[in-house]
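**Q** What follows is the residue order along each chain.
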Amino acid sequence: MFSFTVGFGSLRFRSVMAFQRVFFAILFVVTILGNASAQETPSPPSIGKQPKWCAMEVQEVIPYRRRSGSRMDCRRRCTWNTFCCEFNVIPVYTTAYREVSHLEWKCCDDSPAPCPYETLSVDVPYKGIRLFADEYPVPPLPYEYDALEPYIDEKTARVHHLGHHAGYTRKMNAALKKWRDEVGPGVGLQSNSILHILENLDQIPDKHRTAIRNNGGGFVNHAIYWATMSPRGESEPPRLPEATLATEIIANFHNFSNFQEQFTNTAKTLFGSGYVWLSRNPREQTLIIHTTANQDSPISTGLRPLLVIDIWEHAYYLKHQNKRPDHIQDWWALVDWGQVKALSDWWAAYDAGHDEL
Amino acid sequence: MLSCVKLTQRVASHPGLMAAAGTRLKHTLPDLPYDYGALEPTISAEIMQLHHSKHHATYVNNLNVAEEKLAEAQAKGDVTTEIALGPALKFNGGGHLNHSIFWTNLSPNGGGEPQGEVLEAINRDFGSFENLKKKMSAASVAVQGSGWGWLGYDKENNRLSIAACANQDPLQATTGLVPLLGIDVWEHAYYLQYKNVRPDYVNAIWNVVNWENINERFLAAKK
Chain A
0 MFSFTVGFGS LRFRSVMAFQ RVFFAILFVV TILGNASAQE TPSPPSIGKQ
50 PKWCAMEVQE VIPYRRRSGS RMDCRRRCTW NTFCCEFNVI PVYTTAYREV
100 SHLEWKCCDD SPAPCPYETL SVDVPYKGIR LFADEYPVPP LPYEYDALEP
150 YIDEKTARVH HLGHHAGYTR KMNAALKKWR DEVGPGVGLQ SNSILHILEN
200 LDQIPDKHRT AIRNNGGGFV NHAIYWATMS PRGESEPPRL PEATLATEII
250 ANFHNFSNFQ EQFTNTAKTL FGSGYVWLSR NPREQTLIIH TTANQDSPIS
300 TGLRPLLVID IWEHAYYLKH QNKRPDHIQD WWALVDWGQV KALSDWWAAY
350 DAGHDEL
Chain B
0 MLSCVKLTQR VASHPGLMAA AGTRLKHTLP DLPYDYGALE PTISAEIMQL
50 HHSKHHATYV NNLNVAEEKL AEAQAKGDVT TEIALGPALK FNGGGHLNHS
100 IFWTNLSPNG GGEPQGEVLE AINRDFGSFE NLKKKMSAAS VAVQGSGWGW
150 LGYDKENNRL SIAACANQDP LQATTGLVPL LGIDVWEHAY YLQYKNVRPD
200 YVNAIWNVVN WENINERFLA AKK
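Which chain is which? The protein sequence lines are A and B, in order. Just so you know, numbering that gives the first Met the number 0 puts 287 at position 288 of the first sequence, and the rest follows in order with no gaps. Just so you know, numbering that gives the first Met the number 0 puts 114 at position 115 of the second sequence, and the rest follows in order with no gaps.
This is chain A alone, in the form it adopts within the complex (with noise of 0.2 angstroms):
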């Protein structure tokens, strides 16, 4: 926006009033020329304040019914000279309720600038990573502990999350606060979400930059793997992609069953800890097959991650011990092709500039 102060002086009445409205004139025109030019080009979302999210945990009360007990009924059989009762048992519910909490993205007090939105729910794990926030919360997973069973065991499920990918979460947390205290607040990297810090790793100050690498990849890449995963019915038919990510892969690997082949055979064979990743190439508009090492993300390279099999040992060793292949082969049968092709339509609107999450 651009702005004008101009003195007057001591020019007469009437000539101020035309010099006024020929001025106010060029400024509506300026104006307009102003934002005609701003809505060609957005402003990418990187640049300037950013609106800063606090995580906070929203308290429900839900109704529910609930049985309560049980009455006895009597049906009268009788013949004309004896009573006797046939007795049924007969549930009774009511109505109860229970407190659930979830967590709610709400804009917090002090932002440095307007958030476009009131609340946002952490529905999708992933979808906080682009929010810019002081501390993020471990995103919970969208399913129960058990619910990947058998595929999945459940203790591995609690302490996966509970222990590593927690864990992952809170050192982030406590490196991102270390390098924003020295740095202080402003439009720096530093003051930025998790996201735009991973694809800028080489402008983190060296002392910070393997802190952010390590556990802001684990926070990232971990919570890719939760959501592209689903629980799966016991006589489910095999799970497919839809329409146009069937396409992209045809198109990029010949066929599905080749991609799957190309994509076990990489998981099979990666040395030490890391994961195994189909990724799209947002320039070439390419998917790729690629690995990474430890927690580094294919954001840090400019690539859009779909779809992540976790390689680390903590991801099986529970349930498979050293049989990795088994691992690979029950991730399989979770793959929600569904919420891939939702982290890709979503990663499509980030590039695009938009603000809707």
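No lab work stands behind these hints: they were computed from the structure. Certain hints may be false.
Unchecked claim - If we take Cβ atoms under 7 angstroms as the criterion, some of the chain A residues that face chain B in the derived model are:
id : residue
1  : C114
2  : V158
3  : G271
4  : E312
5  : H313
6  : N321
No residue lacks a Cβ here, since even glycine has one placed at the ideal position from N, Cα and C.
Dock chain B against the given chain A, drawing on the hints supplied.
**A** Coordinates of chain B only, in the frame set by chain A:
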């Protein structure tokens, strides 16, 4: 008393002898000097069994396979394949070397304080055993992903040094230090018992560290 197996191994590990015989040495899984359950409660029998009979065995097998392929490639003069085999040789060769050292570094009669000449070196280079323990534990816990924490001997400067290596990178080939004590911090080394709490495992392993073996290695390295 040398068993037949040990005798064969001793003969087989003499490079000159085997070269003269014209056969290529095949690596074998070394026996554990103690039972799988001997290091309880520090390291569970289940972990020891998987670690030795599955993980280490796989490194040995894959190393043999890689060396076969290397020999073939060398015979054909196929340098591209030779180079491509590099990573596999490093992973599996390193894995075999590292674990072979590791099993000897531990003992059911281990723990306690260091002994012998290595104790003097520890006091000289770290101030105290407690300090060494603190620093080496920290370095081992801090390894990102999979790797090893090492106490090594720097021959050039005649001092002990703590190092950490990623994956199965062998200490001597990577840093030049002679390995004395290694702590395996791959998750398979502790997960079934300690889950994600690596610090508990690293603190506990000092209870089974075999100082006799470490002292032997130190004396051998100094020669």
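**Q** Which hint numbers does the structure go against, in order from smallest to largest?
**A** 1
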